[in-house]
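Residue strings, one per chain:
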Amino acid sequence: MSVAMYLVPIVILIVIILIHNMLVGKRNQIENAEGALDAVLKQRFDLIPQLVEVTKQFMEHEEKLLTRIIELRSRVDSASSLKEKNQIDQELNSELKKLNITVENYPQLLSNNNFTKLQDAMIDLESNVSAARRFYNTSVVEYNDAIQMFPGLLLAPTMGMKKRERFTVEENEKTVPNTKNLFKK
Amino acid sequence: MIENFSDFYLKKIRGKLVLLEVERKKGLRLFSLLSFITLASSIKLFWTYRNPVFNQFLIIAVVVLLVLIYKLSFHTYRKKYKEKILAVLFGEYLKDCFFRPDGHLSEAEYVSTLIYQSAFNKFSGEDYAAGVFQGFNLKMSELQVAYQSGSGKNKSTKSVFRGLMIIYYMPHRLKTITVIKPDYSAKILGTWLGGIFNKMEKRTSLESVRLENPEFEREFKIEADDQIDVRKFLTPYMQEQMLKLRARIKMPFALSVQPGQVSFAFSTLTDFFDPPIITSCIEAQTAKDIDSFFKFVRDVKLELEKA
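If you're matching them up, the sequences are chains A and Y in order.
Each residue of the first sequence is one higher than the last, beginning at 76 in the working numbering.
Each residue of the second sequence is one higher than the last, beginning at 1121 in the working numbering.
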């Protein structure tokens, strides 16, 4: 009887420690994913000014599109959260898709070495961003599952852990851009 | 690359399989006759002498004889099958194809795949083929890898891998190491408990990776050293392709991606490239499976080129 009196609280303590460590691990995983996504977004944003500089030399008549891209890029510096940066990236993506279609009207630009290298780098980074977002979303789902399911839900409120939101694709990103006016005859 | 397998089957191999079927039946008749004679003689000897020591030797001798009769009866059939069917099949997929029925991948090549990290002390194989597939070098063979421990009556052999291994030397942009293996724990214990069990038996420094597709999670476990790079390769489309292949070929398989190399391991209980003995060889199930494997290797190559 006296042995059980000592053993039970020790077992309970061990279980609490294990649950605590598991929840902290899940939270750290989200921070790791945030860091990875932030780093990849930064790499992509850093390429934008170079891309605009190269295309401006050839695409004199696309000022509106290029201005919009520069505007979005400048918003990144004042963005305070990853969610905001992600939002800007999705808007940028939409404008860059229009740019990629418009570029077809400028064969000189297509054969420019700098432009093709930058375009390849942007495509590569886009796939990195997509992979980083998926990693983030998976980490958030695991974290949310851990804090809402037993036994994590017992400790999560006391540790100040709340449900996190995943990144979703914006409605305008789901639609294909209208290319009718982007091609000149 | 065979784009239409049915066409290829009808034009190039069906005729040969029909002739091989005759060889198979000859082999079955010879095996049945010789086995009958052997068993009848042994039963006669058994009843004549009824000596326990003699009978023990007799049983061993009968088993050895039956194995020899089996090998002898189907030797020509197996040899012709490998020369006329397998060599032609590999030639369709691999440019500059080199096929050696008694060759196999080396131990170093097997270890380089990083798929199976368990220790082994028995290594053998057969049916080695090498060539150029879609522009890059490819090598493959059947392998039997095992660990034998103890001696005498306490000897035990644990199979590490038995099946077909393919190594594809294609350059790609991923700098990560990714290993994808069948998840038996998740299938038996469920995803949550299976995940805990997998963590306990983890032997490598690679991190576990969880993806969004629950069906994929139930079938496979993934380990990688970079959470982002692995997702560039394992897109939702790639996950679906792997699940479809699993459903089609009905055998477990593993895959590893590392700089400069992609490796595939398809586990089988018996020799994969051996022709069927009891059932007819005309349906060419092995050829269909090989077609599925090469199409999967091509899909992986295309996905890696996009990553």
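Careful: at least some of the hints might be erroneous.
Derived DSBU-like pairs: lysine-lysine, alpha-carbon spacing no greater than 30 Å straight-line [to be verified]: (1) A:192 with Y:1421; (2) A:117 with Y:1408; (3) Y:1301 with Y:1131; (4) A:172 with Y:1408; (5) Y:1204 with Y:1191; (6) A:131 with A:160; (7) A:160 with Y:1131; (8) A:101 with Y:1295; (9) Y:1408 with A:192; (10) A:172 with Y:1421.
Because the hints were derived from the structure by calculation, they are not lab data.
Item checked: Structure versus earlier hints, numbers of those that do not hold, lowest first -> Violated hints: 2, 3, 4, 7, 9; rest satisfied.
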